[in-house]
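S.K.: Read top to bottom, the protein sequences are chains A and B.
The first sequence maps to residues 1 to 218 in the numbering used here.
The second sequence maps to residues 1 to 231 in the numbering used here.
The set of hints was computed from the structure by calculation and includes no laboratory data.
C-beta: ideal position from N, C-alpha, C; glycine also.
It is possible that part of the hints are untrue.
What the hints assert, rightly or not - From the structure, some residues in chain B lie toward chain A, with a derived Cβ separation under 8 Å:
hint	residue
1	Asn3
2	Gly19
3	Ser20
4	Ser81
5	Gly83
6	Asn93
7	His94
8	Thr105
9	Glu108
10	Phe121
11	Leu172
12	Asn176
13	Val180
Unchecked claim - Using 27 Å as the maximum straight-line C-alpha spacing, the simulated BS3-like pairs for lysine-lysine come out as follows:
hint	chain 1	residue 1	chain 2	residue 2
14	B	Lys4	B	Lys132
15	B	Lys73	B	Lys142
16	A	Lys144	B	Lys134
17	A	Lys144	B	Lys151
18	B	Lys132	B	Lys142
19	B	Lys46	B	Lys151
20	B	Lys73	A	Lys144
21	A	Lys155	A	Lys213
22	A	Lys12	A	Lys144
23	B	Lys73	A	Lys77
24	B	Lys151	B	Lys73
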Amino acid sequence: MNDLSFQTMSRKQMAERLARDIPEGWYVNLGIGLPTLVADFVPQEREVIFHSENGLLGMGPAPTPEQADPWLINAGKQQVTLRPGGSFFHHADSFSIIRGGHLDLCVLGAFEVAQNGDIANWATSAADNAPAVGGAMDLSAGAKRLWVLMEHTTKDGQPKLVESCSYPLTALGAVSRIYTNLAVIEVTDRGFIVLEMVPGLTLETLQAQTGAKLHLPG
Amino acid sequence: MINKVVRDMAEAMAGVQDGSTVLVGGFGSVGQPDALIDGLIEHGAKDLTVVANNAGAGRIGLARLLELRRVRKIICSYPRSAGSVVFEELFRNHEIELEVVPQGTLAERLRAAGAGIPAFFTPTGYGTLLAKGKQTAEFNGKPCVLELALKADVALVQAELADRWGNLTFRLSGRNFNPVMATAADLTIVQANRIVDLGGIPPETVVTPGIFVNRVIQVPVDGAAVQEKAA
Chain A
1 MNDLSFQTMS
11 RKQMAERLAR
21 DIPEGWYVNL
31 GIGLPTLVAD
41 FVPQEREVIF
51 HSENGLLGMG
61 PAPTPEQADP
71 WLINAGKQQV
81 TLRPGGSFFH
91 HADSFSIIRG
101 GHLDLCVLGA
111 FEVAQNGDIA
121 NWATSAADNA
131 PAVGGAMDLS
141 AGAKRLWVLM
151 EHTTKDGQPK
161 LVESCSYPLT
171 ALGAVSRIYT
181 NLAVIEVTDR
191 GFIVLEMVPG
201 LTLETLQAQT
211 GAKLHLPG
Chain B
1 MINKVVRDMA
11 EAMAGVQDGS
21 TVLVGGFGSV
31 GQPDALIDGL
41 IEHGAKDLTV
51 VANNAGAGRI
61 GLARLLELRR
71 VRKIICSYPR
81 SAGSVVFEEL
91 FRNHEIELEV
101 VPQGTLAERL
111 RAAGAGIPAF
121 FTPTGYGTLL
131 AKGKQTAEFN
141 GKPCVLELAL
151 KADVALVQAE
161 LADRWGNLTF
171 RLSGRNFNPV
181 MATAADLTIV
191 QANRIVDLGG
201 IPPETVVTPG
211 IFVNRVIQVP
221 VDGAAVQEKA
231 A
């Protein structure tokens, strides 16, 4: 059922769309994978300070070959740079920043988000072979806001926005907004509220790709 | 005269017992005390519980300690990462016990141990598989999980500079778990890139005060070697 009346956003466009909503002055943690792309779309002159779990604030873009230093990595273990004004600190301080509610925003990917804001993004089943949680539970529970950046459905078309998560939970009621390749959706006490859709997409078509009831604002 | 600088690796590892809980600093390969891990392998202690963020990569360092079946249990936040082949094989064959801990809870359990706090409540993990069987309570309307301090027998730490009193600094993001782990063990052993005279580290820039450190050994950092492992 290829509906050609609308075009889905690319991963870069999704990251760019989310980046537009981050105001100057916010302290932000970006999760591994797609969320990491968001930093590329925040212009240098809009001062947003990026945090990384392994103990940096003021993280900058990937290094040029001359800047590269194997001792300077982010939580995804990729080499990064530090902007002037940046700082290093140890893991307990880094997670005090996260768990103490000091981050304005965390952006994570997810397997599923439920209409009550539950997020599942760390294990694919309760019997997962050696699940790896990293900082996902701390970030979900601790940041002032949790936004999820993900495709609207799985590769085989299954909804990722659902009534209740089927995968093991990362945190309860933590997500406040979802940016997908089709829409921007707010998570409220009423459930999913559609703030924005890609041009040409109808609410009916979006609803057909969503596992829980969508509402319009107001 | 206080001198925590030891002459060789055998002296650094002296007295480490079978069955010890051993903290291993580092985040991936950055800031990981590889020479001390090799020293521990040489020393021969077994039946260990290892606490580290990751479960080793390739077949060197922490992965080699695992491969030699010296580790009974590993406590970490992210066991499965690029190149964690040894761990995955042992885990599949039920030859190692795994405790997965959220990264911040891991750091805080270590911090609590170092600060003499036996347990604490945190919202992290509430309602998830990792809170199963743990005591819960509500504070200011927020449901929380009781987590226990994680006290160890030995901490293996990598530092940039050290002096003979055990004052330490760390290099860039190599700091990570190292200063926290240094506080949480009965015996903290440090490999430092350079050892300087007392006063050689400006007091305002000391990250780990020497009171947390028992032994120091100089192991110059081979930048190329670290880079190779980080890739």
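S.K.: For each hint, tell me whether it holds in the structure or not.
M.R.: Outcome of the hint check:
1. Asn3: violated, 26 Å
2. Gly19: Since the shortest Cβ distance to chain A is 24 Å, the answer is violated.
3. Ser20: Violated, about 22 Å.
4. Ser81: Given a least distance of 7 Å, the restraint on Ser81/B holds.
5. Gly83: violated, 11 Å
6. Asn93: Cβ of Asn93/B sits 12 Å from chain A, so the hint is violated.
7. His94: Since the shortest Cβ distance to chain A is 11 Å, the answer is violated.
8. Thr105: holds, 7 Å
9. Glu108: With Cβ-Cβ at 6 Å, under 8 Å, it holds.
10. Phe121: violated, 11 Å
11. Leu172: holds, 4 Å
12. Asn176: holds, 5 Å
13. Val180: Holds. Min distance 5 Å.
14. Lys4/B / Lys132/B: Violated, at roughly 43 Å.
15. Lys73/B / Lys142/B: violated, 32 Å
16. Lys144/A / Lys134/B: The given pair, whose Cα atoms are some 25 Å apart, holds under the 27 Å limit.
17. Lys144/A / Lys151/B: violated, 31 Å
18. Lys132/B / Lys142/B: At roughly 17 Å apart (the allowed maximum being 27 Å), Lys142/B and Lys132/B satisfy the hint.
19. Lys46/B / Lys151/B: Distance ~18 Å between Lys46/B and Lys151/B Cα, so the pair holds.
20. Lys73/B / Lys144/A: violated, 35 Å
21. Lys155/A / Lys213/A: The hint holds at about 21 Å.
22. Lys12/A / Lys144/A: Since the Cα atoms of Lys12/A and Lys144/A sit roughly 25 Å apart, the hinted pair holds (cutoff 27 Å).
23. Lys73/B / Lys77/A: holds, 24 Å
24. Lys151/B / Lys73/B: holds, 15 Å
Checked against the numbered hints above, the structure violates hints 1, 2, 3, 5, 6, 7, 10, 14, 15, 17 and 20; every other hint is satisfied.
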